[in-house]
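Based on the provided sequences and hints, a complete structural model is requested.
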Amino acid sequence: MKTFLRSRRPGKGAILLIAALLSGSAVLRILSGASVALANSDVTPRPLPEQAQVETADLGRATPPSRAEMSTLLQALLDREARVEQRETQMDVREKALTVARGEIERRLKVLEDTEAQLRATLSRADSAAEDDVARLTTVYENMKPKDAAALFEEMEPEFAAGFLARMRPDAAASVMAGLKPQTAYTISVILAGRNARAPKT
Numbered sequence: 001m002k003t004f005l006r007s008r009r010p011g012k013g014a015i016l017l018i019a020a021l022l023s024g025s026a027v028l029r030i031l032s033g034a035s036v037a038l039a040n041s042d043v044t045p046r047p048l049p050e051q052a053q054v055e056t057a058d059l060g061r062a063t064p065p066s067r068a069e070m071s072t073l074l075q076a077l078l079d080r081e082a083r084v085e086q087r088e089t090q091m092d093v094r095e096k097a098l099t100v101a102r103g104e105i106e107r108r109l110k111v112l113e114d115t116e117a118q119l120r121a122t123l124s125r126a127d128s129a130a131e132d133d134v135a136r137l138t139t140v141y142e143n144m145k146p147k148d149a150a151a152l153f154e155e156m157e158p159e160f161a162a163g164f165l166a167r168m169r170p171d172a173a174a175s176v177m178a179g180l181k182p183q184t185a186y187t188i189s190v191i192l193a194g195r196n197a198r199a200p201k202t
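Going by our numbering, the final residue of the sequence shown carries number 202, and the count climbs one at a time with no gaps.
Be aware that a few hints might be false.
To be verified - Taking lysine to any residue and the SDA-like style, the derived pairs with C-alpha atoms no more than 20 angstroms apart in a straight line are:
1) K147 with A185
2) K147 with S189
3) K181 with G163
4) K147 with S175
5) K147 with T187
6) K145 with D171
7) K147 with P158
8) K96 with V84
9) K181 with D171
10) K145 with A166
11) K181 with L152
12) K181 with P170
13) K181 with E157
14) K181 with A151
15) K110 with V100
16) K145 with M168
17) K147 with F160
18) K145 with T184
19) K145 with V134
What the hints assert, rightly or not - The calculated label-pair distances, taken between Cβ atoms and stated as ranges, are:
20) R107 with S71: 47 to 55 angstroms
21) T115 with A166: 35 to 43 angstroms
22) R195 with A130: 14 to 22 angstroms
23) M91 with S71: 24 to 32 angstroms
Treat the hints as calculated values from the structure; they're not laboratory data.
Cβ coordinates follow ideal geometry from the N, Cα and C atoms, glycine included.
Here it is, written out as structure tokens:
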């Protein structure tokens, strides 16, 4: 659409139309002059066919457009060309605005992608650090005396204690479990058994 509008530059269409009107006016004047010359001559013109007589009569009655009419027509064409040019300018402005908007959207998407990548990296580091902390604490419990470790595990929530016992070496975990109260040891055993039951088989 933009290419079509730009190909119609102001003035070209108006000049062509004016040239056509002037040419038609000249033809009409020549035909009118020829009719007058034949009428004044002594030569008797050969009768024209009926259709030709009708067309000649119509041409004789036609009058060329006046200067005011030509001026009005020219102004109308110029106004139309101006409106077309204005529309084309508006389209150019909108296209530039859309280009700027697309660039801003792409920039913001890139910022969001970078932020998301940084967040994933931060969470990954946090998970790794937490895992390292749990591993170190598990090693500490394994190296404690079973009686002292059992006293700490008695104070823990059963789910929390079961998580540490599941990570400990079997011999160290057994020593701690032996030092727990029977009810505490039973609760932790049920939790550990339930975890193994929910584990995938394949």
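Violated hints - listed by number, lowest first
Every hint satisfied by this model.
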